[in-house]
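Between the sequences and the hints, there should be enough to build the whole structure, so can you do that?
The primary structure of each chain is shown beneath.
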Amino acid sequence: MRFIFKTKYSQDINIAKHNGDRFWYSLLILIMAALPLVLDDFYLGEISYICILSIAGIGLMILSGYTGLASLGHAAFLGVGAYTHAFLLTNGIPFYASIPIVIVVSFLVGAAIGIPILRLTGMYLAIATLALGFIAEHVFIKWEHFTGGNRGLPVPQPEFLGMSFYDSVFFYYVCLVFLIAAMFAAINILRSPTGRAFVAIRDSEIAAQSLGVNLGLYKALSFAISGAFTGLAGALLAHYIGYLAPDIFNIFLSLTLLLLIVVGGMGSLHGTVFGAIFVGFLPQLIAICRDYLPSSIGSQPGLEPMLFGLILVFFILYEPLGIYGRWMKIKLFFQLFPTYKRQTFKKQKVFTKSDRV
Amino acid sequence: MSLFEVKNITVAFGGVKALNDVSFSVDKGEIFTIIGPNGAGKSTLFNVISRIYEPSKGEIYLENQNISKTKPHNISKLGIARTFQNLELFENATVLQNLLLGRHIYKKTNILSEVFFTPSARKQEHEYRLRVEEVIDFLDLQHYRDTLINGLPYGVRKNVELARALCTDPKLLLLDEPSSGLTNEETIDLGFWIKDIQSLLEITIIMIEHDMSFVNKVSDRILALNYGKILASGLPEEIKNNADVKQAYMGD
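Which chain is which? The protein sequence lines are A and B, in order. Per my numbering, the very first residue in the first sequence carries number 1083; after that it's consecutive. Per my numbering, the very first residue in the second sequence carries number 4; after that it's consecutive.
Derived by calculation from the structure, the hints in this document are not laboratory data. Built from N, CA and C at the ideal position, the CB exists for glycine as well. Some hints could be false.
What the hints assert, rightly or not - Residues on chain A that point at chain B, a partial pick, calculated with CB under 7 Å:
id, residue
1, 1271
2, 1281
3, 1282
What the hints assert, rightly or not - If you anchor each label on the Cβ, the simulated ranges turn out as follows:
id, chain 1, residue 1, chain 2, residue 2, range
4, A, 1213, B, 114, 20 to 30 Å
5, A, 1092, B, 140, 31 to 41 Å
6, A, 1269, B, 57, 52 to 62 Å
7, B, 115, A, 1395, 38 to 48 Å
8, A, 1119, B, 111, 44 to 54 Å
9, A, 1389, B, 143, 49 to 59 Å
10, A, 1225, B, 57, 40 to 50 Å
11, B, 67, A, 1105, 56 to 66 Å
12, A, 1332, B, 148, 41 to 51 Å
13, B, 140, A, 1287, 27 to 37 Å
14, B, 64, A, 1395, 53 to 63 Å
15, A, 1287, B, 16, 12 to 22 Å
16, B, 111, A, 1117, 49 to 59 Å
As the list claims (entries may be wrong) - Derived EDC-like pairs: lysine to aspartate or glutamate, alpha-carbon spacing no greater than 16 Å straight-line:
id, chain 1, residue 1, chain 2, residue 2
17, A, 1088, B, 180
18, B, 74, A, 1094
19, A, 1090, B, 180
20, A, 1099, B, 180
21, A, 1088, B, 149
22, A, 1090, B, 136
23, A, 1224, A, 1094
24, B, 126, A, 1094
25, A, 1088, B, 136
26, B, 220, B, 180
Below is the structure:
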């Protein structure tokens, strides 16, 4: 077990809490940077996709995991980001200028949608965001001037820093750098007053309000920030897919993002990466499993959504803290070995809380 | 000088008048206790002051400024902090994070400086922490700093909520049943702390409380409510001997 002797407030503020953190995360970044040396193009593409999913996951995690607001239509923001990026690139705006514009546009779209929609709570918010997803899909179909409608929109792959996005190694590095930057941005938001206000809204709106948190403003801000991250992921996704069609940004993609944060672990940024790895490799896993299943089951078309739903239910029932929660338990097991008790994480019934004000 | 004044507040839920024409004023530096049987309208009164409920009639004044139209989230900026009857802590956050939220009204950073965690954001965190540590020392919470609220015993949670309210550096502190659910020792400690808050931090306190020995020990003045109406108000001895109060509590 590690005991940290704290002598400065900075030790609580810093991202890395001790030298072990610094060592392991630097090592992880080094390994990620060295991956193109050992992996071929296919796997690099897959990992790039996981990076993109992670960035989108960070967006949804801030909204759902930290602010406690459900969204079943987050693919809309991926779409906004992707189409805006493709539109800007088509009109000759360079990559390095397009990305900031995409982030700002998604932020504003998030705020514009968030302000009216966030007057709803709980189930009604979930339904409203679900509707948002469908509306966005229709807007992408109908707004042909901007999106190319059902014909689709080819995404230009411009040169950036003298390299081409067709080069999978280069694209992998771009995704990795954006993921690391997004991670730092999210950590910074969460360790400052705004992030704490989000958590406050999640745990007790009434107390947050009495401490001076403007509920409407911060909920909209959370939606906007979430939109900005997801929009950035959308821009990268546009490069990954290469050709945008409205039906990419459907309800299934929204549910994938939801699965990602639940499986990864609600309320942890680690969870977004764990979840993205899981969700990213799951279709491959299912495809492999199909070969081994009897053909009456293996060739069923709806196998994938069914398994997604099943996994979601199993995680909510048996591991509500997700993969990250499981990882924490394993870590604690070794830290406390041999005195670990299973009861440590047993959920206690709480009788001190009621709905009364 | 009266710091805080409530004038002719009436709150009606449909046909039920939870508060009926209630007026009182609280002097600066006073500990003012509101007592009354269940359903007397005590918590409703607090919720009107924190602007969670809209009164059908009447006004509230803090330092002669009318706050009956202030937005609920601006109440704490004016210097009114409160605790809740059934604890409203941020359960999945540490004690430290809960207390840091008490400093939220002093936030100067904007979202951009937070995304990049600029030196000014870092400096602000240090300033927040400095004040929070003073409150932690004041209420003996050193031991629990990094503990999640989930894992804390009830008495400590009550304490954390009081600490969180103090972190806002209020002029007026509203305590909703601060001693409910506490052990005898904890109640005695609380009495000392409340007296210290009054004398050392110079904060005016309005308190809802049922434990009469505790009330008589700490309060300067008492207001008795029943069915939304004022029964009596005055010094603790006067209330103790008031015929109406006796009747409301014990029957004829």
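Hints versus structure:
1. 1271: Holds, about 6 Å.
2. 1281: 5 Å, holds
3. 1282: 5 Å, holds
4. A:1213 to B:114: 20 to 30 Å: Holds: the Cβ-Cβ distance is about 28 Å, inside 20 to 30 Å.
5. A:1092 to B:140: 31 to 41 Å: 20 Å, violated
6. A:1269 to B:57: 52 to 62 Å: 40 Å, violated
7. B:115 to A:1395: 38 to 48 Å: Because 40 Å falls inside the window, the suggested range holds.
8. A:1119 to B:111: 44 to 54 Å: 47 Å, holds
9. A:1389 to B:143: 49 to 59 Å: Given a distance of about 53 Å, which is inside 49 to 59 Å, the answer is holds.
10. A:1225 to B:57: 40 to 50 Å: At roughly 42 Å between Cβ atoms, residue 57 of chain B and residue 1225 of chain A fall inside 40 to 50 Å, so the hint holds.
11. B:67 to A:1105: 56 to 66 Å: 60 Å, holds
12. A:1332 to B:148: 41 to 51 Å: 47 Å, holds
13. B:140 to A:1287: 27 to 37 Å: 30 Å, holds
14. B:64 to A:1395: 53 to 63 Å: 55 Å, holds
15. A:1287 to B:16: 12 to 22 Å: 21 Å, holds
16. B:111 to A:1117: 49 to 59 Å: Taking Cβ atoms as reference, residue 111 of chain B and residue 1117 of chain A lie about 42 Å apart, which means the hint is violated.
17. A:1088 to B:180: Given pair residue 1088 of chain A, residue 180 of chain B is violated - Cα atoms ~36 Å apart, limit 16 Å.
18. B:74 to A:1094: 33 Å, violated
19. A:1090 to B:180: 36 Å, violated
20. A:1099 to B:180: Cα-Cα ~39 Å, so violated.
21. A:1088 to B:149: 12 Å, holds
22. A:1090 to B:136: 12 Å, holds
23. A:1224 to A:1094: 51 Å, violated
24. B:126 to A:1094: 13 Å, holds
25. A:1088 to B:136: 14 Å, holds
26. B:220 to B:180: Holds, at about 15 Å.
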